[in-house]
Amino acid sequence: MALQSLDIVRRSATTTPSPGVRESHTGTVAKLIDVSKCIGCKACQTACMEWNDLRDEIGTNAGVYENPPDLSDQSWTLMRFAEYENPKGDLEWLIRKDGCMHCADPGCLKACPAPGAIVQYANGIVDFHEENCIGCGYCIPACPFDVPRISKKDKKAYKCTLCSDRVAVGLEPACIKACPTGALVFGTKEDMKQHAAERVEDLKSRGFDQAGLYDPAGVGGTHVMYVLHHADQPQLYNGLPADPHISAMVGVWKGITKPIALAAIALTALAGFFHYIRVGLNETGERDEQAAARETEKPHE
Amino acid sequence: MSDPDSRGTLVRYTAGERTNHWIVAIAFVLVALSGFALFHPALFWLTNFFGGGTWTRILHPIIGLIMMLAFLFLAASVWKDNRLRDGDWTWLRQIKDVINNREEKLPEVGRYNAGQKLLFYVIVVCMVGLLLSGLVIWRAYFSMYFSAGVIRLAAVVHAVCAFVLACAIIAHIYAAIWVKGSVAAMTRGTVTPGWAWKHHRGWFREVTKQAKEGAGFKL
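Chains as they are written, first to last, in the working numbering: chain S, 1 to 301; chain X, 302 to 520.
Wrong hints could be hidden among the right ones.
Cβ pair distances, simulated, as ranges [as the list claims (entries may be wrong)]: (1) S:27 x X:474: 54 to 64 Å; (2) S:27 x X:446: 34 to 44 Å; (3) X:398 x S:285: 14 to 24 Å; (4) X:344 x S:243: 30 to 40 Å; (5) X:344 x S:280: 26 to 36 Å.
Keep in mind that the hints were calculated from the coordinates and are not lab data. All figures in this text were calculated on a predicted structure; none of them were measured in a lab. Here a beta-carbon is modelled for each residue, glycine too, at the ideal position from N, C-alpha and C.
Same shape as in the complex, but just chain X (with noise of 0.2 Å):
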């Protein structure tokens, strides 16, 4: 059992869902750097990234809608799976227990935990106030049909949901490299049987129950 080439396997994400996930990852770390960069003048040296000032607005833009566009996608495929179930706001009230790794102590979770839900949930409302206010202070397409006051209140809007969203995707990054295993679950698309046991038991017994009944899963 301790050879990783005899291990079973479980197939978390297609090959699909990882290049749709990588995707919105790399547009997002780039958009979020020149975002960065025009943001406070500390930063503005993160221009140089892009090809100047002139090309990160041009750019930022652009490469928000490739984001915009890829996570439609992902959001749409996991939407599902992260509706809330009953366990999920125990899960949330034993906060403690999750960031001291008590797992045993917390309520079964499915595909995804609560925290998980949370997540995305705080990423489809940024995503979509990016989305809006991103095209009203989009000067050189569309900042000509909104008034001033409207502008104003857009990049205050644009602001906090950057902020909001580089904090969250912080949190996301950080949480898959503590849970251990879900880089690659993400990476090569697999898990250990333990894996899904230990952090997703509602799932993994779900998907062991498709197997036996051949859906086939590798076991």
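So that you can see chain S by itself, here it is in the shape it has in the complex (with noise of 0.2 Å):
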């Protein structure tokens, strides 16, 4: 995505304001992913691949549902299949559609150490600029959903786009498009949290009392949302993080530690000139000289 799209909010390793005159006076979009009305069909995984012309390798059947196994540069989504017993005694399947969360506060973005290849955009969307990505993925870990995954290919960092092209120019993300149970719905954020409370309504009205939205406040939100039945368990679908935040490590490492440790190591340089300044030099002279030919004249001792 090379567009000067004139929106950005944040841009990585970027210590002034980037190019932002244009605000999403309509508010900030959101994917919302009803698990509760999701077949597990991978529609949406089928659109990823054709709007974003992506091929997965052809894997082999490892006797899960799960096809591929993982994200990867090829598959920005995947849907995850988890058997649950449930305390009665009955199974539930819960099926995820993984992929980018969207953060807020995105993780990736503060750990990336190359300016500009991760942008957030008005309207939320997190995206990665390959172009300016060095193949550090720095952003890997600092992820705590586990999403952005480097090429084999090309050692650069993929992940889902949300279909920031198609979103620019007023269309619904590929795999909204696609789905065929109104499972995966898009529009503005705000839209979707009272579409996901009439669902969370409706879940509850048919014995899920767990039932309610996962819009996670340890990373200030996220722009893809999911209705879960049981939204006091997020683990159950398949390891869904129960408070996701960026971890403290990232924190500390790409905090404040970073202009205090330059100006710790300008000091220490500026300690040893002023040293300089004001002590001088440990110079040896004639007399240490005289001193060490008097030594070595006669045996010491």
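Put the complex together from the two separate chains, hints included.
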């Protein structure tokens, strides 16, 4: 994505404001994934491949429904299937569409050392600009959802763009367009929250007391949200983190310590300079040479 | 005695030791510049010295390994002379006298003074920390074998060790300029007897004794 969008709110490894005169006057966008409506057909995966021109390797059947087995540079979204035996002893088949959550506070962007390799638009989409990516992979451990993947082909990091190219021209993401059950919906984040509230109410009336919206506050909320029947146990859905947040380690590494460390290094050099100015060199003079000569001429002790 | 050509000289570093030191030093400068480039956005322009961001990412760990390998030999050759001995703690406690060039008040120093020894151990610890954490965050070859938590920790360890090492090396470089004659010791290999007598009297006595016993030192 090299279009000049003029609506950049955050840019990786950049300390001054990025072009951002265009604001998102209609609010930020969000994709809502209603897990309770998903039938696991993988039409979204196919639509993602098609729109983005991606073709993952044809793998082998390992006896599970996930296909391909994991997210990759070629698979930016993936249906994950979990078999859960509920306390009543019934089997629940929990299917979750995995992919980038488009965090309001993106760990990947915070960790990225390459200026402009990761941007966040005013509409909330977090996008990788692979032409600026240097392939260090710092975004991978920084992501609370384990989403970015490095391509073996070009060593750049890839992930779901939330179809930023489609959204920019008023279209919905490809996966949304393909979903046959209405499990995927797209709109402003406010509308999606409202829609989710209705869905949660419906689920509660059907006996899912713990139904709820997954919009984790630990990462400032996300622009991909889930309606879960077991919102109290998101881990049931193939390890969806209960309280995702940018790791304190990433915070320490990328936060205030950086300017402090640079300043301390500069101060060390300055301390040397002023020591030179105030105290001066420790030189060896003629007297030292004579003392040394006296010692070598006679045996000491 | 004032004519440098006729002045007797003591060998402080052999050609091999000097070569080893400067391989470490050159590699350190390159690895530090490329590391700083990725450490803070304000220094990303340093990637230009290495052919851009991607080349910096590719070269940094390779130069780092070269530095590690060369440092291994350097550390092995100076290890013995950096063992702590009586007087080192007194020397460190009298750091004010050290800083103010009142060397005559300090206990006798061997081949290395307590400050140099402290620096040596700081460098060794940082190098080990950098090597181990660096392997963990080396995405192309090793990161896939570690969990996100370990990689996050390694990134912090790498940054902290690099920071301490950068400060230590600045101190090392300044000390070499400050104690005049030290740079020549590592470039030409020799020091004057007066230099050795003033700054490293224990070592001076050792080598002059050896010379008298015919160990081959030119005086």
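### Message
Given the hint of 34 to 44 Å, is the C-beta distance from residue 27 of chain S to residue 446 of chain X inside that range or not?
### Response
holds (43 Å)
### Query
Given a hinted range of 54 to 64 Å, is it respected by the beta-carbon distance of residue 27 of chain S and residue 474 of chain X?
holds (55 Å)
### Query
Quick one: are residue 398 of chain X and residue 285 of chain S within 14 to 24 Å, going by C-beta?
holds (18 Å)
#### Entry: C-beta pair residue 344 of chain X, residue 243 of chain S: status relative to the range 30 to 40 Å that was hinted
holds (34 Å)
### Query
If you check the beta carbons of residue 344 of chain X and residue 280 of chain S, does the distance land in 26 to 36 Å?
Hint holds: Cβ distance 32 Å, inside 26 to 36 Å.
Going down the numbered hints, you'll see the structure goes against none, and every one checks out.
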